[in-house]
Structures are given as C-alpha cells and as structure tokens.
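These protein sequence lines are chains A and B, in that order. With our numbering, letter number 6 in the first sequence gets 6, and the count goes up by one each step, no holes. To get our numbering, take the position in the second sequence, counting from 1, and add 143.
Keep in mind the hints are simulated off the structure, nothing from the lab. Hints may be right or wrong, so weigh each one.
[Stated by the list, open to error] SDA-like mimics (lysine to any residue), calculated; alpha carbons at most 20 Å apart, straight line: (1) 250(B) <-> 103(A); (2) 250(B) <-> 94(A); (3) 255(B) <-> 100(A); (4) 250(B) <-> 107(A); (5) 187(B) <-> 88(A); (6) 255(B) <-> 119(A); (7) 256(B) <-> 162(B); (8) 255(B) <-> 87(A); (9) 187(B) <-> 94(A); (10) 256(B) <-> 204(B); (11) 255(B) <-> 85(A); (12) 256(B) <-> 81(A); (13) 187(B) <-> 126(A); (14) 250(B) <-> 81(A); (15) 250(B) <-> 126(A); (16) 233(B) <-> 245(B); (17) 250(B) <-> 104(A); (18) 250(B) <-> 89(A); (19) 187(B) <-> 89(A); (20) 256(B) <-> 245(B); (21) 267(B) <-> 141(A); (22) 255(B) <-> 95(A); (23) 255(B) <-> 73(A); (24) 256(B) <-> 88(A).
Now for the letters of each chain:
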Amino acid sequence: MLLHAMYPRDLFAEIDRLQRDLQQAFDLSPSIRGLGRGFPALNVGSTPRSIELYVFAPGVDPATLKVQLERGVLTIAGERAAEPVAEGASVHIDERFAGSFRRVVTLPDDIDPGAVEARYRDGVLHVSVGRRAAAQPRRIEIQ
Amino acid sequence: MSEARSMTNRAETTRADAALRPAVDVIEDASGITLRADMPGVPKERLQVHVEGDTLTIEGDVVLQVAEDMEPTHVELAVPRLRRAFTLSKELDADRVSAEVEHGVLKLRIPKKEHAQPRRIEVKVA
Numbered sequence: 001m002l003l004h005a006m007y008p009r010d011l012f013a014e015i016d017r018l019q020r021d022l023q024q025a026f027d028l029s030p031s032i033r034g035l036g037r038g039f040p041a042l043n044v045g046s047t048p049r050s051i052e053l054y055v056f057a058p059g060v061d062p063a064t065l066k067v068q069l070e071r072g073v074l075t076i077a078g079e080r081a082a083e084p085v086a087e088g089a090s091v092h093i094d095e096r097f098a099g100s101f102r103r104v105v106t107l108p109d110d111i112d113p114g115a116v117e118a119r120y121r122d123g124v125l126h127v128s129v130g131r132r133a134a135a136q137p138r139r140i141e142i143q
Numbered sequence: 144m145s146e147a148r149s150m151t152n153r154a155e156t157t158r159a160d161a162a163l164r165p166a167v168d169v170i171e172d173a174s175g176i177t178l179r180a181d182m183p184g185v186p187k188e189r190l191q192v193h194v195e196g197d198t199l200t201i202e203g204d205v206v207l208q209v210a211e212d213m214e215p216t217h218v219e220l221a222v223p224r225l226r227r228a229f230t231l232s233k234e235l236d237a238d239r240v241s242a243e244v245e246h247g248v249l250k251l252r253i254p255k256k257e258h259a260q261p262r263r264i265e266v267k268v269a
C-alpha cells in the first residue's frame, strides 16, 4: 500500500498499457476470440470532468442491463440469450458468448454518484460518471 | 464530444490495416446459412458486407462518442476496426445475401441455390 501511495495512481495503468502495446507490436494476428478476454470487453477513459466507460455488449436487450454504483464500485451486469437453433440445423461455428455476465470497476474517490449517465447504442453501453467540481483542476490566479 | 475520434488512435497509426476478428456463430439449415457476428459500436452506415468471387467479407469501424480531452486508462478493444472473411461454397447463392443489424449484431442470411435445396424424390413402384 505504501508503494501505491508513492506513485501516481495512473502509473500502474500506464505499465499495464505499455505491456499490452508491446505484446501487440510483436503479435500481429489479433486474438481468435476477437474481443480479447472475456465478455463484454471494456474500455475506460478519463477526462477532467468525468470517467467514461465503454462496455462492448452487442445483442443484449437493454432492459436486462443493470448498472449499479455503490460506494465507488460500479457494477455492470446483464444477460445475453442464446440464439435458438432450429431442429435439424447444424452449428458450424459457435463463438459468440451466451449467458449472464458481470463486470465490476472500482472508480476513483472524486466521482459524483449523482451524475451517472448510461446509454446503450449499437451494442455499446456507454457509462459516464461525473467527477465532483472540487476535484477538477483549477488554475490559481497569481496576485 | 466528437463522433469520429477513436479511443485507440495510437494502435491505429502503428498498424494501419489492423482489424480485430469478431466472434461469429454460423448455423446451417436445409435452405441456407445464418451468420451472426458481434460488431459492437459499428453503426449501420459504417458496416460493410461484400462478396468477391467466393469470398464473403464483413467489416466495420467502431465509432464511439469520445470527448476531445479523454485519456484512455484501460483498453481491451484496442483496434477500432473489425473484419473477417469467409469462403463460400458453390451451392450458396451469393447474389441473394440479406443482412440486418440490431444492437451491434450483424445477421446474414445466405440462401442455398435453387438446385441445392433439398428435394424429396418420389419413389415409384414399378
């Protein structure tokens, strides 16, 4: 924990990203699973005003999607129904995920639990979590 | 908010033609083949399905609503492009492929040619 306190929070994310970038530079063929590890794939970004999450969950009924924020932990859960296969039909490729899924993300301390927005469009759930105004960088005037 | 800017510009410039392979399901029944592909974040107008010779290619660009000043902190989908190609067999009718997309899932229906449809041949008693 002490180690954590000594370095800026994002450094670990940076190292992780660097590692992934290196791996990709050597490995030109993308994953056979297409979207990497697990379902749904998740991208996270931050701006001075918000944390932005992109959950790649195509083919999900928006009514079954649950987005929950509790004590700084954001949980995204849902279910993707298996497509019915007609009798006598044969399945040649079966790669798409079916079943229930859950992704859990710990958010930074400065988020505003009252400013969460979630939209589902083209199979991507975009969750935007606002940060408290006090935490946003301000320029201090020099007298 | 800018529509077009991708979250993953860096990866894009290092490998201009790179694309991820979308997960698919392929199911065949008596009258044809149904293909479903996960194309999350690909709007209908950025989705392409084309047949050239006996190769069927599906591809699309992932377009996300991203703020100008956003810094990516965790990236699993690192290439904003999806592409996959399939070889069609002779009995499939490439001219009659139909495509629809809903919630980021592309559904293709490739019917079999008339002569390849199953027919029941009556057995006559001589």
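Hints, one by one, checked against the model:
For the proposed pair residue 250(B) and residue 103(A), the alpha carbon gap of about 26 Å is over 20 Å, so the pair is violated. Distance check on the hinted pair: residue 250(B) and residue 94(A) sit about 14 Å apart at the alpha-carbon level, within 20 Å; holds. For the hint linking residue 255(B) to residue 100(A), the alpha-carbon distance of about 34 Å lies beyond 20 Å, and the restraint is violated. A hinted pair counts as satisfied when its Cα atoms are at most 20 Å apart, and residue 250(B) with residue 107(A) does not qualify at roughly 36 Å.
Pair hint residue 187(B) plus residue 88(A) does not hold up; C-alpha atoms about 32 Å apart against a cutoff of 20 Å. For the hint linking residue 255(B) to residue 119(A), the alpha-carbon distance of about 39 Å lies beyond 20 Å, and the restraint is violated. Annotation: proposed proximity of residue 256(B) to residue 162(B) is violated, straight-line Cα distance about 32 Å (limit 20 Å). Distance check on the hinted pair: residue 255(B) and residue 87(A) sit about 18 Å apart at the alpha-carbon level, within 20 Å; holds.
Using a Cα cut-off of 20 Å, the hinted pair residue 187(B) and residue 94(A) is violated, with the two alpha carbons roughly 24 Å apart. With a CA separation close to 31 Å, the supplied pair residue 256(B) and residue 204(B) exceeds the 20 Å bound. Simply put, residue 255(B) and residue 85(A) have alpha-carbon atoms about 18 Å apart, close enough for the 20 Å limit, and the pair holds. A hinted pair counts as satisfied when its Cα atoms are at most 20 Å apart, and residue 256(B) with residue 81(A) does not qualify at roughly 31 Å.
Among the hinted pairs, residue 187(B) with residue 126(A) is consistent with the structure: their alpha-carbon atoms are about 18 Å apart, no more than 20 Å. Proximity of residue 250(B) to residue 81(A) is assessed by CA-CA distance (about 15 Å); at most 20 Å being required, the pair is judged to hold. Taking the CA atoms of residue 250(B) and residue 126(A), the gap is about 23 Å. The hint is violated against a cut of 20 Å. Restraint check: the Cα-Cα separation between residue 233(B) and residue 245(B) comes to about 29 Å, which exceeds 20 Å; the hinted pair is violated.
Only pairs whose Cα atoms come within 20 Å are accepted, and residue 250(B) paired with residue 104(A) is rejected, the gap being roughly 30 Å. Restraint check for residue 250(B) and residue 89(A): the C-alpha separation of about 16 Å stays at or below 20 Å, so the hint holds. For the hint linking residue 187(B) to residue 89(A), the alpha-carbon distance of about 28 Å lies beyond 20 Å, and the restraint is violated. Simply put, residue 256(B) and residue 245(B) have alpha-carbon atoms about 27 Å apart, too far for the 20 Å limit, and the pair is violated.
For the hint pairing residue 267(B) with residue 141(A), the CA-to-CA distance comes to about 99 Å; that exceeds 20 Å, so the pair is violated. Our distance criterion of 20 Å between C-alpha atoms is broken by residue 255(B) and residue 95(A), whose separation comes to about 23 Å. For the proposed pair residue 255(B) and residue 73(A), the alpha carbon gap of about 51 Å is over 20 Å, so the pair is violated. For the hint pairing residue 256(B) with residue 88(A), the CA-to-CA distance comes to about 19 Å; that is within 20 Å, so the pair holds.
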